[in-house]
Amino acid sequence: MDRNFETLSQIELDALKELGSIGAGNAATALSTMLSKRIDISVPEIGIFKVEDIPEMIGGPEMVRVGIYFTITGDSFGSMLLMLEKDEGLRLVKMMLGPGFKLNSDLDLISKSALEEIANILVGSYLSAFSQFAKMRLMQSTPAFAYDMCGSIIDMICIELAQRTTHILMVKTDFLEKDDKISANLFFLPEPDALVKLIEALGVKQYEEGTD
Amino acid sequence: MKKELIKVKMADVQIGNSPSVLITYGLGSCVGLTIWDSRQKYGGMAHIMLPSSKGFSKNENFAKFADSSIEYLVNEMLKMGSFKKYLEAKVFGGASMFTFETKSEILNIGERNIEATFNALSEFGIEVVGKDVGGNFGRTISLDLETGKVEVHSIKKGNTII
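So the protein lines, in turn, are chains R and L.
Taking the numbering used here, the leading residue of the first sequence gets 868, the next gets one more, and so forth.
Taking the numbering used here, the leading residue of the second sequence gets 2, the next gets one more, and so forth.
Incorrect hints may appear among the rest.
Once the Cα atoms are required to be at most 25 Å apart in a straight line, the calculated DSS-like pairs of lysine-lysine come out as [unchecked claim]: (1) R:917 with L:157; (2) R:953 with R:979; (3) L:157 with R:953.
The hints are simulated quantities; they were obtained by calculation from the structure and are not laboratory data.
Modelling step: build the complete structure from the supplied sequences, incorporating the hints.
As structure tokens, then:
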């Protein structure tokens, strides 16, 4: 069944937002615990978009971005991609590692590792929220790192999807520590069934809880 | 005089005349193909995603695939009065943007796209006069329809002219 993702019902939209908050909450707890300081994560925007719209959504295909990529396996298949600007990435690493840590202005091995680890935690948190809601077992691969024009980064994933699906779930994510805010975009690129199952499960869950 | 920029999107083919410039951004594993008519000074560019249209329905966008987009581009140019001996092809992209421990079909897509492109060009008898393929970095390419030269921009290598 070909589901038109562009017209989600209010129930489904609300459930999606709740899903985003739960994922963000999980990630904030994990990061705060790991770093022994308070990190908040908010989801200013979550929605379903066409794959080919991604480059425009992050400023155009020629914009250079950090991209951290995971394949998802288990009861369903797909990928997760975290994208952010290099400077935001470096600030995020600094946020995590603390003011005493001297950071290069470039992406060295330490920053790349730190970003991969942060991405790992973030993706794991969202996946566990998705898995719970949609009653699916989902596992992520180890992260792969790229720093290049975002069109090129998305490119390979689009090819993968060109054979299957047309829509992706985008979760705008802000990391907050005291007055500092860092923005990133998390894209969940699922195989078609996975997104349908997820949306349906969300709709059912809201219904069961009696919210409207 | 500022030249008109004709943008070629992912899974798209465009044809333009001198003095315009055909451009496509952010080639990763996709292949960017240019064919330029040195006699009539016009040409086309394709942004190819997959090697072969076999196994896909006829309703699929033909420009996604190397074989069908090259067939389309060559036939259009022949219709427009080109002779094959004046057609110059150049091939770009087909990189591996991410490296994983295990190789799989999808992760080799860059190489498969390059191979399918060269095969299709050979099948149609179009000579390849330049290329910048492979590697692990993205490329933006622009074909100057007046000169037939392609400028390749990447953040790793800067700008090169092919």
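For which of the previously enumerated hints does the structure constitute a violation, in increasing order of number?
Hint 1 is the one this structure does not satisfy, whereas the remaining hints hold.
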